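Chains Z and R supply the protein sequences, listed in that same order. First residue of the first sequence: 55, per our numbering; consecutive thereafter. First residue of the second sequence: 55, per our numbering; consecutive thereafter.
To be clear, the hints were calculated from the coordinates, so they are not data collected in a lab. Treat each hint with caution, since some may be false.
Copies of the same chain look alike in the list, so a pair counts if it fits in one copy or across any two.
Unchecked claim - Here are the simulated EDC-like cross-link-like pairs (lysine to aspartate or glutamate), alpha carbons at most 20 Å apart as the crow flies:
no. : residue 1 : residue 2
1   : K358      : E234
2   : K347      : D154
3   : K168      : D157
4   : K109      : D319
5   : K229      : D171
6   : K229      : E128
7   : K64       : E265
8   : K229      : E98
9   : K316      : E127
10  : K316      : E74
11  : K357      : E128
12  : K357      : D82
13  : K347      : D268
14  : K229      : D170
15  : K347      : D293
Please read these numbers as outputs of a predicted model, since none were measured by experiment.
Protein chains: 2
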Amino acid sequence: MTKSADAFEKSLSAHAAIVEARLATLLDASIRPAELARPAQLIEAMHYGALNGGKRLRPYLVMQATQLFAGNEEAALQVGCALECLHSYSLVHDDLPAMDDDDLRRGQPTVHKKYDDATAILAGDGLLTYAFDIIASPETPLPDAAKVALVLELSRAAGIGGMAGGQMLDLAAEKQQPDERGIVLLQAMKTGALLRFACEAGAIIAGRPAEDRDRLRRFGEIIGRAFQVADDLLDITSDAATLGKATGKDAAKGKATLVGLKGTDWARSELDRLVSEANALLAPYGAEAEPLKEAAHFIAYRKK
Amino acid sequence: MTKSADAFEKSLSAHAAIVEARLATLLDASIRPAELARPAQLIEAMHYGALNGGKRLRPYLVMQATQLFAGNEEAALQVGCALECLHSYSLVHDDLPAMDDDDLRRGQPTVHKKYDDATAILAGDGLLTYAFDIIASPETPLPDAAKVALVLELSRAAGIGGMAGGQMLDLAAEKQQPDERGIVLLQAMKTGALLRFACEAGAIIAGRPAEDRDRLRRFGEIIGRAFQVADDLLDITSDAATLGKATGKDAAKGKATLVGLKGTDWARSELDRLVSEANALLAPYGAEAEPLKEAAHFIAYRKK
Numbered sequence: 055m056t057k058s059a060d061a062f063e064k065s066l067s068a069h070a071a072i073v074e075a076r077l078a079t080l081l082d083a084s085i086r087p088a089e090l091a092r093p094a095q096l097i098e099a100m101h102y103g104a105l106n107g108g109k110r111l112r113p114y115l116v117m118q119a120t121q122l123f124a125g126n127e128e129a130a131l132q133v134g135c136a137l138e139c140l141h142s143y144s145l146v147h148d149d150l151p152a153m154d155d156d157d158l159r160r161g162q163p164t165v166h167k168k169y170d171d172a173t174a175i176l177a178g179d180g181l182l183t184y185a186f187d188i189i190a191s192p193e194t195p196l197p198d199a200a201k202v203a204l205v206l207e208l209s210r211a212a213g214i215g216g217m218a219g220g221q222m223l224d225l226a227a228e229k230q231q232p233d234e235r236g237i238v239l240l241q242a243m244k245t246g247a248l249l250r251f252a253c254e255a256g257a258i259i260a261g262r263p264a265e266d267r268d269r270l271r272r273f274g275e276i277i278g279r280a281f282q283v284a285d286d287l288l289d290i291t292s293d294a295a296t297l298g299k300a301t302g303k304d305a306a307k308g309k310a311t312l313v314g315l316k317g318t319d320w321a322r323s324e325l326d327r328l329v330s331e332a333n334a335l336l337a338p339y340g341a342e343a344e345p346l347k348e349a350a351h352f353i354a355y356r357k358k
Numbered sequence: 055m056t057k058s059a060d061a062f063e064k065s066l067s068a069h070a071a072i073v074e075a076r077l078a079t080l081l082d083a084s085i086r087p088a089e090l091a092r093p094a095q096l097i098e099a100m101h102y103g104a105l106n107g108g109k110r111l112r113p114y115l116v117m118q119a120t121q122l123f124a125g126n127e128e129a130a131l132q133v134g135c136a137l138e139c140l141h142s143y144s145l146v147h148d149d150l151p152a153m154d155d156d157d158l159r160r161g162q163p164t165v166h167k168k169y170d171d172a173t174a175i176l177a178g179d180g181l182l183t184y185a186f187d188i189i190a191s192p193e194t195p196l197p198d199a200a201k202v203a204l205v206l207e208l209s210r211a212a213g214i215g216g217m218a219g220g221q222m223l224d225l226a227a228e229k230q231q232p233d234e235r236g237i238v239l240l241q242a243m244k245t246g247a248l249l250r251f252a253c254e255a256g257a258i259i260a261g262r263p264a265e266d267r268d269r270l271r272r273f274g275e276i277i278g279r280a281f282q283v284a285d286d287l288l289d290i291t292s293d294a295a296t297l298g299k300a301t302g303k304d305a306a307k308g309k310a311t312l313v314g315l316k317g318t319d320w321a322r323s324e325l326d327r328l329v330s331e332a333n334a335l336l337a338p339y340g341a342e343a344e345p346l347k348e349a350a351h352f353i354a355y356r357k358k
């Protein structure tokens with residue numbers, strides 16, 4: 055591991071710890087007014103689903119994209135936590151027996167295994183709903199215009215034209231394989247949309263004009279594609295011990311991936327191409343953009 | 055049926071038709087940009103789950119509460135549709151086998167029977183997410199401050215301290231019966247919170263000060279309680295043919311209700327008391343409040 059990569063992973067971990075602490079505080083405060091009856095098991099399941107380790111890559115991107123424009127750090131942390139609630143909801147629902155039917159996530163029982171299906175459905179619903187509560191909250195120090203833009207972009211990134219729609223297409227893809235263009239669109243929706251939002255959110259939080267929002271949005275789209283190519287490559291080339299989860303899952307399910315269609319050599323050169331493209335987009339920002347470039351590098355070349 | 059009650063039901067139906075038409079338009083436009091892959095089955099399931107008849111009582115309350123303060127009618131219709139998406143999501147998820155396990159809703163197969171569990175989970179997720187998209191949308195003509203207030207109140211009404219938390223407590227109540235206070239809190243969360251939001255939303259849309267927001271909020275809470283008492287009473291006293299759904303369900307499930315605990319005489323006098331209290335709250339608004347008073351009367355004394 056290069057020195058720079060090592061420093062990046064330390065920075066990522068340090069930010070993850072800050073995000074986890076804030077997420078725990080936010081989830082504890084999620085019942086207002088306090089005299090309401092507490093659905094204790096639901097709150098516990100939401101904690102369990104949201105606070106299970108994880109790299110916290112999406113909040114990291116929100117925070118670094120905000121810092122690029124010297125935006126409000128506290129707002130970036132809050133919006134990062136909102137995004138992580140939303141990401142966590144998607145994992146909880148995707149793991150359900152009716153969906154991907156996974157018993158383990160990061161080596162621990164998934165929410166529906168630890169509790170039951172009803173609790174997992176409601177915990178996901180609660181996390182999704184809470185994401186919008188956090189953004190709109192008076193405790194998130196942002197002008198109303200920025201909050202409205204964040205709610206709009208997040209709901210679109212998460213909704214039918216984004217993550218939820220992508221998951222539906224992904225379930226359908228197990229029965230009828232999409233072509234190359236279909237795979238690219240499906241992945242842009244299922245995993246790309248939230249990464250795109252994470253980057254664009256920084257420009258929104260910092261109140262930047264449309265040009266910067268657009269640039270960060272495109273940067274997010276490109277690292278979203280890199281994320282998916284890297285994921286597919288790891289599924290083929292890594293082993294379960296390194297990856298911390300089963301490998302060869304795509305092939306076993308007969309799921310078409312770009313890497314499966316075009317090969318691992320293509321994948322490695324595609325990652326190089328995407329990283330260059332991502333870096334070029336950030337060129338106008340000079341050295342300030344270094345942390346985001348390192349994030350792009352990490353996403354493309356991570357070993358797990 | 056009195057003349058006035060007949061006129062009220064005509065007004066409710068007329069508004070419901072307007073809401074259904076707008077909901078259909080909004081759901082058709084829910085994929086942006088249009089060149090994205092369309093998860094056709096998901097969009098179809100969302101239509102199916104949201105456009106299945108229904109009284110559209112919540113949007114009606116939003117529209118009438120807005121009109122009380124001469125607020126923007128177009129905004130009220132949009133917010134009413136957002137609220138109906140959210141209400142529909144809760145029905146789709148509550149009907150799932152892991153939750154209340156219902157095969158029929160209004161005489162039609164529920165979403166998971168018509169499609170499958172995965173599609174129903176995602177259709178619910180999509181409807182919930184889309185509610186926030188509609189509120190934040192540039193097509194909803196409201197100042198940003200009003201949109202932020204609506205997102206905050208709706209996410210709290212729908213979340214762990216509201217509907218989702220109430221559903222969790224309700225599932226737990228089948229195993230361990232709550233006491234009277236527990237039942238009141240559970241119902242205020244599960245069904246009351248969205249009705250409260252519907253009424254308060256009118257004051258927010260019209261940009262009214264805290265005093266009016268508070269008054270409408272309390273009005274919403276009271277008609278929420280009346281709604282639940284009337285529901286429990288109908289479950290005991292009505293027959294399936296009139297109600298359009300099975301009766302005696304609460305008793306069959308061993309579910310504790312206030313009416314079960316305190317009797318039908320108590321329920322009838324409680325409804326009178328709640329209607330008086332609701333009317334008294336609206337007294338300062340004079341004749342302008344007549345439609346909301348009629349709504350309270352309808353909610354308390356409806357036959358189905």
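Evaluation of the provided hints:
no., hint, in the structure
1, K358 to E234, "neither (25 Å within a copy, 52 Å between copies)"
2, K347 to D154, "neither (33 Å within a copy, 49 Å between copies)"
3, K168 to D157, "within (9 Å within a copy, 27 Å between copies)"
4, K109 to D319, "neither (27 Å within a copy, 59 Å between copies)"
5, K229 to D171, "between (25 Å within a copy, 16 Å between copies)"
6, K229 to E128, "neither (45 Å within a copy, 43 Å between copies)"
7, K64 to E265, "neither (32 Å within a copy, 51 Å between copies)"
8, K229 to E98, "between (36 Å within a copy, 19 Å between copies)"
9, K316 to E127, "neither (41 Å within a copy, 54 Å between copies)"
10, K316 to E74, "neither (38 Å within a copy, 47 Å between copies)"
11, K357 to E128, "neither (31 Å within a copy, 52 Å between copies)"
12, K357 to D82, "neither (34 Å within a copy, 42 Å between copies)"
13, K347 to D268, "within (17 Å within a copy, 49 Å between copies)"
14, K229 to D170, "between (28 Å within a copy, 14 Å between copies)"
15, K347 to D293, "neither (27 Å within a copy, 67 Å between copies)"
This entry does not satisfy hints 1, 2, 4, 6, 7, 9, 10, 11, 12, 15, going by the numbered hints stated previously.
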